[in-house]
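Asker: Protein chains in written order, with our numbering: chain A, 1 to 282; chain B, 1 to 392.
Keep in mind the hints are simulated off the structure, nothing from the lab.
Quick caveat, the model's predicted, so the values are computed rather than measured.
Treat each hint with caution, since some may be false.
[As the list claims (entries may be wrong)] List of simulated lysine-lysine pairs, DSBU-like, C-alpha gap at most 35 Å:
id: 1; chain 1: B; residue 1: LYS233; chain 2: B; residue 2: LYS223
id: 2; chain 1: B; residue 1: LYS29; chain 2: A; residue 2: LYS6
id: 3; chain 1: A; residue 1: LYS121; chain 2: A; residue 2: LYS146
id: 4; chain 1: B; residue 1: LYS67; chain 2: A; residue 2: LYS6
id: 5; chain 1: A; residue 1: LYS101; chain 2: B; residue 2: LYS223
id: 6; chain 1: B; residue 1: LYS263; chain 2: B; residue 2: LYS223
id: 7; chain 1: B; residue 1: LYS29; chain 2: A; residue 2: LYS164
id: 8; chain 1: A; residue 1: LYS233; chain 2: A; residue 2: LYS121
id: 9; chain 1: B; residue 1: LYS263; chain 2: A; residue 2: LYS121
id: 10; chain 1: B; residue 1: LYS223; chain 2: A; residue 2: LYS62
id: 11; chain 1: A; residue 1: LYS221; chain 2: B; residue 2: LYS233
id: 12; chain 1: B; residue 1: LYS298; chain 2: A; residue 2: LYS220
id: 13; chain 1: A; residue 1: LYS146; chain 2: A; residue 2: LYS164
id: 14; chain 1: A; residue 1: LYS34; chain 2: A; residue 2: LYS164
id: 15; chain 1: B; residue 1: LYS298; chain 2: A; residue 2: LYS121
id: 16; chain 1: A; residue 1: LYS220; chain 2: A; residue 2: LYS263
id: 17; chain 1: A; residue 1: LYS66; chain 2: A; residue 2: LYS220
id: 18; chain 1: B; residue 1: LYS298; chain 2: A; residue 2: LYS62
id: 19; chain 1: A; residue 1: LYS101; chain 2: A; residue 2: LYS221
[Said to hold, decoys possible] Covered stretches of chain A, as calculated for chain B (at least 3 residues, CB under 8 Å):
id: 20; segment: 21 to 29
id: 21; segment: 73 to 85
id: 22; segment: 172 to 180
Even glycine gets a Cβ: it sits at the ideal position worked out from N, Cα and C.
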Amino acid sequence: MSVSFKSTARYIASRDLEVAVNAAVTLQRPLLVKGEPGTGKTVLAHEVAQALGLDLIEWHIKSTTKAQQGLYEYDAVSRLRDGQLGDPRVHDIANYIVRGKLWDAFEADRPVVVLIDEVDKADIEFPNDLLLELDRMRFFVYETRKTVVATHRPVVIITSNNEKELPDAFLRRCFFHYIRFPDRETMERIVQTHYPDLRHDLAREALNVFFQIREVPSLKKKPSTAELLDWLKLLMVEDLPADALRTNEKHLVIPPLYGALLKNEQDVHLFERLAFLARRGA
Amino acid sequence: MFAHLIEGLRQAGLPTSITEYLTLLGAMKAGVAEWNVDDFYYLSRATLVKDERHLDRFDRVFAQCFKGLEPPEGVLPRELPEEWLHKLAERLLTPEEMAKIKALGGFEALMQRLAELLAEQKGRHQGGSKWIGTAGTSPFGAYGYNPEGVRIGQHESRHRRAVKVWDRRNFRDLDDTVEQGTRNLKLALRRLRRFARQGAATELDLPDTIRSTAKNAGTLDLKLVPERHNAVKVLLFLDVGGSMDDFVKLSEELFSAARSEFKHLEYFYFHNFPYERVWRNNRRRHDERLSTFEVIRKYGPDYKLIFVGDAAMSPYEITMPGGSVEHMNDEPGRVWLERLTSHYTRAAWLNPTPRNSWQHVRSIGMTSELMEGRMYPLTVNGIDEMARELSH
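Chain B extracted, bound-state conformation (with noise of 0.2 Å):
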């Protein structure tokens, strides 16, 4: 009945199920919206999108699916006779008459005009000036008057009311453009959690409590155990600047989104390769640097470390000393991405770039390389790939 409105959501990306169409004609029947069309917007909408950032293309699609097949407003279906409304759509589809709509108001304004007309004729009429019938102007007629005397096309406030729900597009701001699905990517991450009994005993360890109490000669002996805490702790380098910006913001939503899943996160930032010094926050990254002996010192062999950066940059950036771009570095960034990788040996490094340009481009199969392969596109199924690399 409504195949076309699921058609037109699933096209238009929302993930609308078979489940929720029949939900939505199980409703339907059950008689939950009562005989009105917004209603029916309301009840689908309810039952059919199930995010807010979706709301707005909901809308988009339903104003789409139901344009001119709307009654107009105030008026039972069944008193309109179909031959009237037949010539009528046709006639509103003709060019010349789109513009003197517009003249009117807009086709808001001209339906809600009809309906008022409709309600008050009660028969068929051909021609004339105030009636709709098959050979009447009287509705498209620019500033034509009825006998009450209302002029068409001036009632500014009452056509705003009639605007259909679905146009005035309320949920516009919700609809974000930033890619959904972390749940995914979350998901993922999990694979990374390992978790580890620490902190205060609370949970009832059943079979050592059988044990002790066994040979306590039956004299109940209770043993608890530390209740499992997630033990995964995570440093995060990420690439600043240039052509990483836009992956930057991604990737930070996405570990601190997924921060629940590890112990510890801590972020520091570079440009284009790690050499002896990194910073913790972008803004302010030449007054509070971090050396990276410091790093290695402060925090234990147990982090996993995980680069984010596309590694596009000039070879001499990784093989000489004072070849970065930003500043004079006495050793080259191999050597640092080395004393990195052996201190921690649990490392990866995440390529925001797709998988298939990594060979076009040196430097990144040279990072490749000092990574000993461990480099992962950052998708869902590159965080998959190397959580369990790193879960080892």
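If we strip away everything but chain A, and leave its shape as in the complex, we get (with noise of 0.2 Å):
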């Protein structure tokens, strides 16, 4: 694969992300990728594919996620049903395994990207079972005796929120990026990619504001790029002056529709508390 990943118009990535994404295609190996809830991990894959031109299978994990799931499924039941009802379909297993989404990658006509994303979220064996699966791109299937192999290496991007640990056979497979908070500088660059007819004032103030509510010590959860772009829409919606947002007091002040950037009561309160306090000791 010649093409080489790079910052697009829509999603701005940093030297190092560009490295670990090439190398990952290159070497035909996993990407993990990890980083604060609302950093991009996900969107990541969307704008891998789309630089790629490839296309997008996505295998969202759940706590119920078994790895099995993502390779073949045996309907039993369809199966009983049609042998009652006398369909001739019974006579071949093969007609009852549902495909999985690895499955459909491995066997695609041409070279895909697939998102597993959130790994962490499953049992704390399903990465251990999926690592022959990713090594090798092959698995084999019990009931009809036959190995898929995959015609075509996928490029993996398996995201993690650090909810657990993964194992370290797992981690020796992949390629590892961690995401950092972008600095006030990429995230100019990046709400300007977002809203590119947003106005300057508004932007500078909002972003003020935003750094300002992340430095508040010990929040339950600091607002992300995500929360900062739909809070940015919102204002742009309300259509507020970047008056609104300005203060010329030092202090900390609640910012209008915090509802965006502030995700759970405990911060709002601390929020509310703090502002209380600093507004008192002006």
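Two chains, two frames, a set of hints: combine them into the complex.
Answerer: Pasting the structure below:
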């Protein structure tokens, strides 16, 4: 694959992310992406697919997801029912094998990008169960005695929110990238790419408020890029003047439409209390 | 080729393996990193580090391994005659030079300036005051001028840019000192898991379906069973106060992280030894107390009881009424412990102090005796042992 991944008009990737993605694509190994929620881990897979001109297969992991479901499932109930009704399909067990996302990816006509989203949500053994499949890009279908081998090794992007630790054997096979929270300069570029028609004064003030909120100690959930973008959109819809965000005093104020930034009531309370203290101090 | 980097990483405690090293070499060969040192840094980071907590350590080891080896920024390596660099490196190492370099704004500033001059210079130069050569003094002279009037050591903004990425230590915050590898502990705790089928019947029970279909003379009769759920219930009694405070945080983190391994997990706190009252919220221990009888009444004998404590105290706290350091207890601690262990037959005591020190403390021996020897160290092996014992 000669096309390499670069920042696009919609997605700002730092150089280290570009190198990590290109390494994973070139060596055909999975790329594990971690980072604070809302820093664009999932979006990355979409952008990589777009940049390389490949289709994207998304596999969202839940706490009940089993590794086997990504490969295939055997629908015994349908087969029993068809046997009852005398359907001729019943003689071939292959008719009742339901393909999983990885099978689809392995047997696609052209290479694809596979996103395994939030791998840490699943059971602690989940990554171990996929070791061989992701390493060799092949697996054995027990019911039909067939081995499915990837015609093209897909680009695999795995995201994790760090809820569970991943096994070493699994990590050893991946490239790893930790998306850091963007600094002010990068954030300005990100905002620019998402809302090119945002008024400059509003953007500046909003970013001031945003970074101020992130500095507040002991917030349960610090607002991240995704929340900032939502909030800016709200600000634009409401058409607030930049003055509404600006404070001449140094202390904190509760920003308008804070619901987009602060996501739990403890944080809102904490914020109100700090604002109150600051006001009294002034 | 980069073996010393791997060696350094392993010495720093990073779990870097040969596989990863080979991957890195493979990626280098495939030309993923263009021929510049930043890309190489990014590539080796993506290949060799798999946990953001290790990033800072990686940065430090990387800086150590490649200190002085990196080519000046903006200059292609092959354009630098080796002899110059050799001489320059030699000069850089003398203490006098180091002092002067500091005066110039540090090594980074110097390297940047050096890169610029090298780019400008066309041939080997002997002596003189501007060009770099064997006998020249220019790059090291404080506040010298070049023909364009650029003053060395004053371009703060440009110099800041030259700081190597790995020297910025962006990931310092992520390197925590918390003991790593709770995964192992979790896996050890998994032994405690016991599955039971409860709830709505959603899973197909194939053997039963076949049996019942056969009985029905071939008319399909589907049999479903509920999905298997984790059925382990755990009561956790944590010793707080004094020497135990550090350990409590660790064990709380451990058990809440392993929460998914249990169906129910309830915490209670006590001080030194369990008496007639325990509490749920350590911050409000004086107003939110709970009678130990209440606990026994509320949580049935199917719970497993795990104490976490160092069991280091005066023996009177165990044997005598009124022996508690905190309050007047009518019944001795051992009565309460016996009451608890007779109700909860599957009970164990985890002790965060090392096992070989137990014999020196009398109260530990007494507690262990009361627990019928089921005292284990708070380590992976200890938890594994405990889980094995409790899972019977």
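Asker: State for each hint whether it applies.
Answerer: Status of the hints after comparison with the structure:
Annotation: proposed proximity of LYS233 (chain B) to LYS223 (chain B) holds, straight-line Cα distance about 29 Å (limit 35 Å). For the given pair, LYS29 (chain B) sits about 21 Å from LYS6 (chain A) by alpha-carbon distance, which is consistent with the 35 Å threshold. Taking the CA atoms of LYS121 (chain A) and LYS146 (chain A), the gap is near 30 Å; set against the 35 Å cutoff, the hint holds. Note on LYS67 (chain B) and LYS6 (chain A): the hinted pairing holds, with a Cα-Cα distance of about 29 Å set against a maximum of 35 Å.
Annotation: proposed proximity of LYS101 (chain A) to LYS223 (chain B) holds, straight-line Cα distance about 29 Å (limit 35 Å). Between the alpha carbons of LYS263 (chain B) and LYS223 (chain B) the distance comes to roughly 26 Å, so the proposed pair stays at or under 35 Å and holds. Note on LYS29 (chain B) and LYS164 (chain A): the hinted pairing holds, with a Cα-Cα distance of about 34 Å set against a maximum of 35 Å. For the suggested pair LYS233 (chain A) and LYS121 (chain A), the alpha carbons sit about 30 Å apart, so the restraint of at most 35 Å is met.
Between LYS263 (chain B) and LYS121 (chain A) the alpha-carbon distance is near 17 Å, which keeps this suggested pair within the 35 Å criterion. Taking the CA atoms of LYS223 (chain B) and LYS62 (chain A), the gap is about 26 Å. The hint holds against a cut of 35 Å. A distance of roughly 30 Å separates the Cα atoms of LYS221 (chain A) and LYS233 (chain B); the hinted pair therefore holds under the 35 Å criterion. At roughly 33 Å between alpha-carbon atoms, LYS298 (chain B) and LYS220 (chain A) fall within 35 Å of each other, so this suggested pair holds.
For the proposed pair LYS146 (chain A) and LYS164 (chain A), the alpha carbon gap of about 33 Å is at most 35 Å, so the pair holds. Restraint check for LYS34 (chain A) and LYS164 (chain A): satisfied, since their Cα atoms lie roughly 12 Å apart, inside the 35 Å limit. Under the criterion of a C-alpha separation no larger than 35 Å, the hint pairing LYS298 (chain B) with LYS121 (chain A) is consistent with the structure, at around 32 Å. At roughly 9 Å between alpha-carbon atoms, LYS220 (chain A) and LYS263 (chain A) fall within 35 Å of each other, so this suggested pair holds.
Restraint check: the Cα-Cα separation between LYS66 (chain A) and LYS220 (chain A) comes to about 31 Å, which is no more than 35 Å; the hinted pair holds. The straight-line distance between the Cα atoms of LYS298 (chain B) and LYS62 (chain A) is roughly 33 Å, inside the 35 Å bound, and the hint therefore holds. Only pairs whose Cα atoms come within 35 Å are accepted, and LYS101 (chain A) paired with LYS221 (chain A) is accepted, the gap being roughly 32 Å. Counting residues of the segment 21 to 29 of chain A whose CB lies closer than 8 Å to any CB of chain B gives 6, which reaches the minimum of 3, so the coverage claim holds.
Taking a C-beta to C-beta cut-off of 8 Å, the segment 73 to 85 of chain A contributes 6 residues in contact with chain B, enough for the three needed, and the coverage statement holds. Judged by the Cβ-Cβ criterion of 8 Å, the segment 172 to 180 of chain A is covered by chain B as claimed, because 8 of its residues qualify and three suffice.
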